[in-house]
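Novice: Which chain is which? The protein sequence lines are A and B, in order. Just so you know, we're using numbering that gives the first Met the number 0 here: the first sequence kicks off at 0 and counts up by one. Just so you know, we're using numbering that gives the first Met the number 0 here: the second sequence kicks off at 0 and counts up by one.
Just so you know, the hints here were simulated from the structure itself, not pulled from any lab data. Ideal Cβ placement from N, Cα and C applies to all residues, glycine included. Check before you lean on any hint, since a few could be wrong.
[Said to hold, decoys possible] Taking lysine to any residue pairs in the SDA-like style, the calculated list, with each CA pair at most 25 Å apart, reads:
no., chain 1, residue 1, chain 2, residue 2
1, A, K126, B, G545
2, A, K603, B, Y637
3, A, K468, B, L713
4, A, K603, A, M581
5, B, K748, B, K772
6, B, K763, A, N405
7, A, K414, B, L713
8, B, K18, B, M289
9, A, K608, A, H441
10, B, K50, B, E94
[To be verified] Which bits of chain A does chain B cover? Going by a derived footprint, with three or more residues having C-beta under 8 Å, they are:
no., region
11, 166-178
12, 193-206
13, 307-319
14, 411-417
15, 440-446
16, 454-461
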Amino acid sequence: MAAHLSSGRVNLTALREAGRRELREFLDKCAGSKAIVWDEYLTGPFGLIAQYSLLKEHEVEKMFTLKPGRLPQADVRNIIFFVRPRLELMDIITDNVRREDRGRSPQRDFHILFVPRRSLLCEQWLKEQGVLGSFIHREQYSLDLIPFDGDLLSMESESAFKECYLENDQTSLYHAAKGLMTLQALYGTIPQIFGKGDCARHVANMMIRMKREFPGSQNSIFPVFDTLLLLDRNVDLLTPLATQLTYEGLIDEIYGIQNTYVKLPPEKFAPKKQGEGGKDLPTEPKKLQLNSAEELYAEIRDKNFNAVGSVLSKKAKIISAAFEERHHAKTVGEIKQFVSQLPHMQAARSSLANHTSIAELIKDITTVSCYCIGFYSFPTASEDFFDNLTVEQEFMSGIDTDKVNNYIEDCIAQKHSLIKILRLVCLQSVCNNGLKQKVLDHYKREILQTYGYEHILTLNNLEKAGLLKLQTGGRNNYPTIRKTLRLWMDDVNEQNPNDISYVYSGYAPLSVRLAQLLARPGWRSIEEVLKMLPGPHFEERQQLPTGLQKKRQHGENRVTLVFFLGGVTYAEIAALRFLSQMEDGGTEYVIATTKLINGTTWIKSLMEKLEPAPF
Amino acid sequence: MDCYTANWNPLGEEAFYRKFELYTMEWGLREDLRDCLVAAAPYGGPIALLKNNARKEKSPSARPLLEIYSASGLLLASIPWKSGQLVQLGWTASEDLLCIQEDGTVLIYNLFCEFKRHFSMGNEVLQNHVLEAKVFHTEYGTGVAILTGAHRFSLTTNIDDLKLRRMPEVPGLQKPPSCWAVLTQDRVTIVLLAVGQDLYLLDNTSCSVVTPPGMSPSAGAYLQMAVSFNYRCLALFTDTGYIWMGLATLKDKLCEFNSTIRSAPKQMVWCTRPRSRQRAVVLAWDRQLMVAGNSTECIRFVLDEDSYLVPEPDGVRILSRTSHEFLHEIPEASQEIFKIASMAPGALLLEAQKEYEKESQKADEYLREIKDQKLLPEAVSQCIEAAGYEHEPETQKSLLRAASFGKCFIDKFPPESFVRMCQDLRVLNSIRDYQIGIPLTFTQYKRLTIEVLLDRLVLRRLYPLAIRICEYLRLPEIQGVSRILAHWACYKVQQKDKSDEEVAYAINQKLGDTPGISYSEIAARAYDCGRTELAIKLLEYEPRSGEQVPLLLKMKRSKLALSKAIESGDTDLVYTVVLHLKNELNRGTFFMTLQNQPVALSLYRQFCKHQERETLKDLYNQDDNHQELGNFHVHSSYSEKRIEGRVGALQNAVDEYYKAKNEFAAKATEDQIKLLRLQRHLQEDFDKPYLDLSLHNTVSTLIQDGHHKKAEQLYREFKIPDKRYWWLKISALATRGDWEEMEKFSKSKKSPIGYLPFVEIAVKHHNRYEAKKYAPRVTPEQRVKAFILVGDLEQAADAAIEHKNEAEMNLVLSKCSASTDSAVMEKLNRARAQLLKK
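Please take these sequences and the hints and turn them into a complete structure.
Specialist: Right, here's the structure in full:
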C-alpha cells in the first residue's frame, strides 16, 4: 500500500510509520469508542498517513466536520477534536462544548489533538472561555512533513507563503524547522546546509538552535542526506507564474491535484460497453490517485506533455501484444503463466486507458490542432492556451517586457479570468524586474475598472509580495540573471531532454538551476547573480561524530534534500527528478515544501477576499 | 589471620555473631547519651542529638542544643532549639529530621539543621499533649504515631500526604501502656500495645485483645516489645525476664528465651540478616548487652558506657560516647571460609593463594583438592561473596586475591561478578571513610541502590565524591553526573555571600553544556531564594526558550521574555508573551514595546485581524502607516451595511492614501466612490441592481439595456481606454442582439481593435450573416481567418493565394471537404504548387 514511499533513494515509509505510531498511541490514550471531529483542512493530509481502517481499528466509530452548533448525536465515549491551533477554530470548539447536553448519560469525554503543535495561545483562549477543563487529553500530533511520494514531502500549509512574505508571520517556518528535526531524528543529522533567502536563513538558524536545545541526544544514525538546500520561494517568483508543461504539471494547472488526488470530468471515463450508446454517462467527477505506485504514471508524469503521446501509443502496442499472447499459448503451462500475469496486465491496461483519457482531455485544451469545429467556430480554449503560452514565453525570453502587452489588454477587455490576468501581469513584472510607473498604473486601472475596485487590496498584496512592483533605479537585471543562469534555452528538446528547460518548453526554472549549480560547480561561480536575488545565501555545517562520517563508495550519488519555503510546482519537481536521473549527475534529490502549488493556487492564496455586505 | 575468628561468638549450633568497631566517635561528647534525645537514621544515616532537653529551667545559656552528626561523629550542623518542648526525634526515609513537639507539632529539618516545614498532628493531640511518639516507615512513606496524654493513639502513615487517623479507644485504659509498637500488615497500619499482662491490637475500627501463641501463662507483665526491621517479627519481654519471639501476625512462635533479668531493658531490637534462618534480638541494659535467640545459651557483652542501639536490616549498630560498633550474624559464605578447620572450597582456595604467595608447593595441593571435587567455580564465588561482607580492606583484598587466583584455573569464568564486587567495595570503602561517615554494609548498599546512595551524598553536599562515583561506575550522564551537578547548582545559588556574577559564572564553568542540565530549574531555585538577577543570568545559559519564557514571565521580566520567545522562532510562545504583556502593561507602553519588536508586532497584528480589528487601526495609527490605514478602511467599508457608511469609510481610505502619497490608490478609491454614487442613481432610475457591479459590468449592463447615452457618459467620465470600450460595447450589443447599433458603431470611426472581433463576436452569437459584413474590413493579415470563420472558403482561398502564404493555404485546405469544395481545393492546390516551384 505504501510501496511508492519506499521506492526512492530514501525510504520515506519510516516517516509515515512514525506518524502512524504517534497517532495510534494517542487514540489508545482515550479508552473506549470515539468520534473524531475534523478540522476539514486536515482530512486530506491525514489520508496520506492513515486510512479510515486504521482509525476504525482503534475504535473510531464516527467522523464529523467541525462546525458551530451542537455536536451530532453519537453513542461514543470520547469526542476528539483534530484541529490546527487557530483561534477561530477554538471558538467553534468552545461553542460545541458549551452546547453539549450535560444531562446526557453516559457523559462523553472531550479531547483535543492539535496538529501539528500544541499551542499555549489556544489553551489560554479556551481557558478564558471557561472550557479548557472539559478536555481530558490535550496533545499534539507533529504532522509536519507528510510523505507524498518516494521523493516528495509537503507540509500542506496553504497560507505559508502569504504568512511569511505578507504578514511576517513565521509560524510555518517554525513548523518546517521542527519537521526537519524530526526528519533528522529518523534519517540522521544532515552534515551540510545551504540556503538562499531570509526565510531559509531563519529556518537554518532555528535548526541549529533546536539542535543545541537537546545536546544530550547525540544522533547516532548514519546520515542518509548529505546536503540540505533551503530555498525561499521569493528568490524565484517567476517559475510558479509560468504554465507548467509537464504531464503532471498540466493536470495540476487544469484540474488541480489535491493531496495526490485529482478530480476529472467524467465523460471521457465512461465505461465503453457496446450497445448502451452512452445512455447513462457518469455525472460524478472521476477521482484518481496519482503517485509513483502506478508504473505508467511514474514513467510519464515528469515528461513534457508533447512527449507523452508517443509513450502512450508505444505502451498500447506492448499491452495489446501481451494480450495477443494468449492465442499463442498452447500448453497448459503456457496458459497458466498467461493467467498468472493477467492481473498485472489488466491493471496496466486500465492505467493506460485512464491516462489516455486524461491526455486527450489535456490535448483538447492545449493543442491548436483544429482551428474550427465545423464552420461555426470561434476562438477556442486551445487557441487561447496557445496565445497565453506565447506571451509567457516572450516575457521569459525577455521580449517586450517593458511595455503594455496587447494580449493582456485584450484578455482584460474580454474579461478573462482575473487570476490568469494577474499571473501574466506578475510574470511580466518579474521578467522586467518591475514595471514602469505608467505601465503598472495602466494595468492596475484596467483591472480595477474591469473586475471591481475591491481588488485594490489584492493588488496591494501582490506588490507587498514583490510579484508586482515598480521598477526602481531604472535597471532591469533580469537579462543578466537569465543569461548567467541560462534560464532560457532556445534549442529545447521535449522528447529526449538534455536540460531541465524542457519542463517549461524553453524556460529552465531558476530555483532548480540554483540547485543544479550548487551541486556542480558550486555557488561560488555565480556569486554576482546570487547577490541580485533577494536575501542572503549561506552555508552551515553540522558536526557529525567521527564514526558517522561518510566514506563514499566510488560512483555513489550524493543525496540532497531541497526544501522550498513557500511552495513548489510539479514542474520544478520534475526538473529535479530529471537531474537525479542524469547519468553523470552525481546527486539525487528529495524534495520538501510547505505546499505544492501552481500559479493559480498561489495567486489565489494572495488574494484578499472581500464580499460586500448586501445593501 | 589465625585470630580472625576471635570476635566470633557462637549462638546455638549454627550461628555466630560478631561485634566490631566501625568508628571511634569523633564527637567528643561530654553528656551521657541517656541525657539526650537521640535518633539515628538507618542505613548508616546521620545521628541527631538534642542536649539539655530534660532541664526545665529556661535560662538562655542552657537552651537545648540540636546537633546532627555523621555516623562517625563529625558535626554536620547544630542549632539552639528555640521551639517548643520536644518529645521525640526521628528520621524520614529521605533523611529529613522530624522533631515532634509536646503540642503535636512536627517540625521538619534537613540534615544541616535548616528548617523545611512543619505540620500538626491535630487538635486532639494539641489539647492532650504528646506522651510518647514513634516514627515508622511503611511502603507509603514515613509515618508518625502519637500516644496522647489521654491515652489515645493518633497516627499518619505518610507525612508527605498528611491524613491523620485517630485510633479507637482501648476500653478501660487508665494509665499509659507499658510498651507499644506500630505494625503494618497487608498495607494496614496497626498499633500493638501492652497493659500489664494484656496485649491489645488497634486497627482502624476496633480494639481487640490478643494472646501470642505458645506464651507461657506465668510469663508475667509485658515490659518491652520490638518489631523487626521488615515488620515481620515481633519480640516481647516480660517482667519475669522471659522473651517471646514470633511472627508479627501473632500466629506463630519462633522461639523463646529466659534472660533471668527482670528489669526492663533500655532497648530491645531485632538482629537478623535477610534470608537467614537465625532469629535473634539484642537487648541493652545499662551495663550489659545480650544477644538472645533460638538457643538456651545467649551471648553477653559488657557495656562500658551508656549505649544506643540502631536497628539495621542486617544487624544492629551500637552507639556510645566513644565508639560506634556493628553487631551482626556472620553470613554463610564468611563462615564457610573462616570457620576453624573448614574444608569448604572457598577456605581451601584462600589457603592455596596464601601458599602460592609464599611460593610453596602446597598451593598446588590445595588447588588440586578443590579441582578434584570440581568446586573451583564455587570456591571463587564464595571468596567474592565473602569479600563483600568484610569491613577491613585488607581482608577484602586477600579474599579477592584468592578469587582472582582461582579464576586463572577456570576456563571462561564470567568476570562480571568479580569486577562488580571490586567496584562496589571501592565505592563502599570510600563512603565508609570517617570523613564521609556512611557505614553501609554490602547488604544495605544493595538494598538501598546506587541511585539512592548518590541522592544521600548529594543531600550531604558531597558533590565531588558523588560525581567521582558516577564517573567510576560509568553511569549515564543524565542519571549520574548531570543530576548531581544540577543539585550542586541549586545549592550554589543559595550561597548568599557570593555575587550574582560569581555564582552564575561558577555554575556555568562547572556545568557547561552538560547534557540533561536544566538551567531553568536552577534559575527557578535562585528565584525562589529571592535572587532574581541571578536567575536571569542563569537563564541566559538555558538553551530551551520554551523553558526560559515562563519563568521570565513569572519574574515579571516580560520584555526579556518577549525577546527570548522571538529568538526561539516559536510563534506560539511569542503570542503567549504578547498577550501576557497586553494584560500587564497599559496600552501605550504595550504598543511601544511592540514597536521595538517587529516580529511580535506582526503577530499581534495577525491576532487583531481576527479578533479585534479596531485595535489594528490604532496600531497603524501609531506607526503613521497610512497605506495600511487606507487598506484598513477599504476593508471595513465592505462590512458597512449602508451605502453612506461605505462611502464614508472609502473617503477615509482616500484621505489615508493621499497621506501615504499613494496617488494611484487615492484616485482609484475616489473613482470607486464616484461609481457607487452613480450606481445608486442608476438603480433608482432604472429600478435594477447596479450597486457593486464593476465599472465594466455597469457600462455593459447599460448598453445591454439600451442606455447608450449613459454608457457613453461613464466611458468618458472614467476615461475607459478606447480599445476596451470597443470590446465591451460590441460584446454587449451582440448579447443584446442589436446588430443595427453594432453596424452603426462600427462605422462611427475607425475601430481601434480592428474588425476581426466583430466577426468573431457575431459568429459566437451564431449570426453568420452579420459576421460576413465585417469580414472584408478585416486587415489583410487576418482576413483568411475571418473568411474561414464566416464560412466563405472561396474568399479565404483567394486571400490566401493573394498573400502567397502556404500555411494559410493549408489551413483553408484543411477546412475544405472533397464533396462540396472541390473547385476551391483545386485552385488552392494549383496555387500552392506554383508557390513551391519558385
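Novice: Now, for every hint given, state plainly whether the structure supports it.
Specialist: Each hint, compared with the structure:
no. : hint              : verdict
1   : K126(A) x G545(B) : holds (20 Å)
2   : K603(A) x Y637(B) : holds (20 Å)
3   : K468(A) x L713(B) : violated (29 Å)
4   : K603(A) x M581(A) : violated (35 Å)
5   : K748(B) x K772(B) : holds (16 Å)
6   : K763(B) x N405(A) : holds (22 Å)
7   : K414(A) x L713(B) : holds (18 Å)
8   : K18(B) x M289(B)  : holds (12 Å)
9   : K608(A) x H441(A) : holds (23 Å)
10  : K50(B) x E94(B)   : holds (20 Å)
11  : 166-178           : holds (count 8)
12  : 193-206           : holds (count 3)
13  : 307-319           : violated (count 0)
14  : 411-417           : holds (count 4)
15  : 440-446           : holds (count 4)
16  : 454-461           : holds (count 3)
In terms of the numbered hints stated before, the structure departs from hints 3, 4 and 13, listed from lowest to highest.
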